[in-house]
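Enquirer: Starting from the known structure of chain A, fit chain B onto it as the hints suggest.
Chains as they are written, first to last, in the working numbering: chain A, 30 to 397; chain B, 30 to 397.
Some clues are possibly wrong.
One copy or two, either will do: identical chains are not told apart, so a pair holds if it fits within one copy or between any two.
For lysine-lysine, the following DSS-like pairs were computed, each having C-alpha atoms within a straight-line distance of at most 25 Å [said to hold, decoys possible]: (1) K127 to K57; (2) K33 to K315; (3) K376 to K184; (4) K170 to K101; (5) K127 to K184; (6) K170 to K103; (7) K170 to K127; (8) K101 to K184; (9) K166 to K103; (10) K376 to K127; (11) K170 to K249; (12) K295 to K166; (13) K243 to K295; (14) K57 to K184; (15) K166 to K249; (16) K49 to K376; (17) K388 to K103; (18) K103 to K127; (19) K349 to K101.
Treat the hints as calculated values from the structure; they're not laboratory data.
Please read all numbers here as calculations on a predicted model, not as lab measurements.
Spelled out, the chains give:
2 protein chains.
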Amino acid sequence: MSFKVPEDITICLEEEMARKFLERIWGKQPTYACVIGNTETAKIPGLSAAGANPEATDFTPAADMELLFYGKCKCIDGVPVTPDGIPTPGIVTMSSIKLSGMPFFVVNGGLRVRPHVPYFELDGAPGDDIRTGRSVKDPEKVYDRAVLAGQNLAKISNYLVIAESIPGGTTTALGVLTALGYEAYGKVSSTLPANPHELKLKVVEEGLKASGMKREAFRKDPMAAIEAVGDPMMAAAAGLAVGAAETIPVLLAGGTQMAAVLAIIKGMDYSTLNNIAIGTTRWITKDGNSDIRSLVSQIGKVPVLSANLNFSLSRYDGLKIYETGLVKEGVGAGGSSIAAMAASEGKITAHTILDEIEKNYARLVSRR
Amino acid sequence: MSFKVPEDITICLEEEMARKFLERIWGKQPTYACVIGNTETAKIPGLSAAGANPEATDFTPAADMELLFYGKCKCIDGVPVTPDGIPTPGIVTMSSIKLSGMPFFVVNGGLRVRPHVPYFELDGAPGDDIRTGRSVKDPEKVYDRAVLAGQNLAKISNYLVIAESIPGGTTTALGVLTALGYEAYGKVSSTLPANPHELKLKVVEEGLKASGMKREAFRKDPMAAIEAVGDPMMAAAAGLAVGAAETIPVLLAGGTQMAAVLAIIKGMDYSTLNNIAIGTTRWITKDGNSDIRSLVSQIGKVPVLSANLNFSLSRYDGLKIYETGLVKEGVGAGGSSIAAMAASEGKITAHTILDEIEKNYARLVSRR
Chain A
30 MSFKVPEDIT
40 ICLEEEMARK
50 FLERIWGKQP
60 TYACVIGNTE
70 TAKIPGLSAA
80 GANPEATDFT
90 PAADMELLFY
100 GKCKCIDGVP
110 VTPDGIPTPG
120 IVTMSSIKLS
130 GMPFFVVNGG
140 LRVRPHVPYF
150 ELDGAPGDDI
160 RTGRSVKDPE
170 KVYDRAVLAG
180 QNLAKISNYL
190 VIAESIPGGT
200 TTALGVLTAL
210 GYEAYGKVSS
220 TLPANPHELK
230 LKVVEEGLKA
240 SGMKREAFRK
250 DPMAAIEAVG
260 DPMMAAAAGL
270 AVGAAETIPV
280 LLAGGTQMAA
290 VLAIIKGMDY
300 STLNNIAIGT
310 TRWITKDGNS
320 DIRSLVSQIG
330 KVPVLSANLN
340 FSLSRYDGLK
350 IYETGLVKEG
360 VGAGGSSIAA
370 MAASEGKITA
380 HTILDEIEKN
390 YARLVSRR
Chain B
30 MSFKVPEDIT
40 ICLEEEMARK
50 FLERIWGKQP
60 TYACVIGNTE
70 TAKIPGLSAA
80 GANPEATDFT
90 PAADMELLFY
100 GKCKCIDGVP
110 VTPDGIPTPG
120 IVTMSSIKLS
130 GMPFFVVNGG
140 LRVRPHVPYF
150 ELDGAPGDDI
160 RTGRSVKDPE
170 KVYDRAVLAG
180 QNLAKISNYL
190 VIAESIPGGT
200 TTALGVLTAL
210 GYEAYGKVSS
220 TLPANPHELK
230 LKVVEEGLKA
240 SGMKREAFRK
250 DPMAAIEAVG
260 DPMMAAAAGL
270 AVGAAETIPV
280 LLAGGTQMAA
290 VLAIIKGMDY
300 STLNNIAIGT
310 TRWITKDGNS
320 DIRSLVSQIG
330 KVPVLSANLN
340 FSLSRYDGLK
350 IYETGLVKEG
360 VGAGGSSIAA
370 MAASEGKITA
380 HTILDEIEKN
390 YARLVSRR
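So here's chain A without its partners, still in its complex pose (with noise of 0.2 Å):
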């Protein structure tokens, strides 16, 4: 192997396939599409840092697209901020994006706002509270039109970067994931930096006794578990990914969240997964409390990569304070970051990445 990875690209997970899968994806340039949707989940409290307050998760996924388009959002005033105040991690993927000029695309997996800009409609609704055990209405007619949209973009692509933005999120993957049988607690990952597994497993429980149905019958189908307590991005990003991984390389870009659509895609479609692998972020990888690795190696041989982002020294608060473990991965922050490195052929570094998410900072956020 003559291949060298990049120093800001670190493997975490199958080592060989990893550096394999980007020597595939190295040079080409990425189609970067990005599924979204709302869950009530988001909104029970102390559950989800992904909006300035629980009704405010509401318009993350819509904002985070409209950043994409425009440079700036539409629906909401300024940028979707945790209640702290620190900005989305669609600021890296719009970074990314601007950088390496890929192509992006939208995919409406359930939203309750849905954003001012074109996107993929596959009649998906937005999810119910998990706690009713009935939280996706017809996750496969969503699966079904996702995997014809997914073979269709991999006609035309390279290879396709699929990312997700749903507020909740975590806990709908600590609930799919628990409910086909995976070693999940403690396992997922958060937006705050003490992540609150015990109430994410009290309201999984909830929901995997609400929905009524006995533990084994969830195994073997990943629709009844996201129907039960999933959410409204995964059989859509589930979809594109088996539609797209039938020919040409897919990344997903997230962190454990994907580790849950991994899940689902080996449910529906086993033979998919060898060209599958996860793109997150150095602070979904290096995370103390929580364990991609452990998830993702109990699905399947599927490579992990992180992008080795640091804001340690931004000049920006606002960004240094991702190193404390706030928000840490979101819109694809970390695959396509990774793919945006890939595409230059390591020209574009986690370092100008990040000399262009502070000028984007500086112009959207730090006003005060």
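Expert: This is chain B only, laid out in the frame that chain A set:
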């Protein structure tokens, strides 16, 4: 010029430019996008045959798209037919897509009935009867979003084929062409062999009057023309074309409706015209009751190509009857055939397309 135009494609306007356009797309995989919409104008008695009856025209665009994805319709039984039972030109497009394997996308310009397929949503509304003089809501919003979608598709496409399916569309084409100051009376096409030119003109005149705008005010304002007497396909198709034609060739796949789209493109972004051609069927270019050459040459120097589809020797009466001037064009039948021929460097011919059409026809229609 050593490039030889294949005998199944006829150049009908701008010989030299057409030849160069063909040469540029020769051997290249196209990206096909069909813009669909509904207008109440289609339900004016005597205007459109793009449905078994006026109410059925609501379902035609959605059903056409389902045909492309599934090889059969979902929102209706059978396939869209004229009142006489003649099947949709979507069968032609479906056959060209099947033979060539080209990727295809659906764009919702403004629908009353949504297809059971993935599609780009641009937040357009279905159109009203143009006699109201207020036929389309906020075409500029739809145009702007379509430009963004076109720009992103262009990054991963060699060239873009833009088709349409919207019953009543030749009347709205007359409306917009007239509003923009072109001599269009008697020149737009029809799904009917006896083209109801006078009825169309009466409807358009009524709409222009009801709009309350002075004739001159429309001349330089394509969006105002669409808003008054256009349809929801137009802004979406024009925006897609402008967004894509900034960087790649665009083939407008349709008859005289695409002349109206061309006029809109000219008014919005003149500079993209030199990257655009029209591709249609022989049934349009040899039609004695319409005049696409006159329409296009009034607008600018834009090549018109036609696919020499000839059903006179078909085994099926329902296809043979296309030779009498029924249907003629739609769903990009002509342009998608040209694209299939060009992609295959002439290996796909009018003959092989007819063979495929007959196979699909036999399966779908000829069960009586």
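Enquirer: Now tell me, hint by hint, if it's right for this structure.
Expert: Results for each hint:
no. : hint         : in the structure
1   : K127 to K57  : within (16 Å within a copy, 28 Å between copies)
2   : K33 to K315  : within (22 Å within a copy, 61 Å between copies)
3   : K376 to K184 : between (27 Å within a copy, 20 Å between copies)
4   : K170 to K101 : between (33 Å within a copy, 17 Å between copies)
5   : K127 to K184 : both (24 Å within a copy, 14 Å between copies)
6   : K170 to K103 : between (30 Å within a copy, 13 Å between copies)
7   : K170 to K127 : between (34 Å within a copy, 23 Å between copies)
8   : K101 to K184 : between (31 Å within a copy, 22 Å between copies)
9   : K166 to K103 : between (28 Å within a copy, 20 Å between copies)
10  : K376 to K127 : within (14 Å within a copy, 40 Å between copies)
11  : K170 to K249 : within (18 Å within a copy, 44 Å between copies)
12  : K295 to K166 : within (21 Å within a copy, 44 Å between copies)
13  : K243 to K295 : within (21 Å within a copy, 62 Å between copies)
14  : K57 to K184  : both (15 Å within a copy, 13 Å between copies)
15  : K166 to K249 : within (19 Å within a copy, 47 Å between copies)
16  : K49 to K376  : within (20 Å within a copy, 37 Å between copies)
17  : K388 to K103 : within (20 Å within a copy, 49 Å between copies)
18  : K103 to K127 : within (19 Å within a copy, 40 Å between copies)
19  : K349 to K101 : within (21 Å within a copy, 55 Å between copies)
This entry satisfies every hint, going by the numbered hints stated previously.
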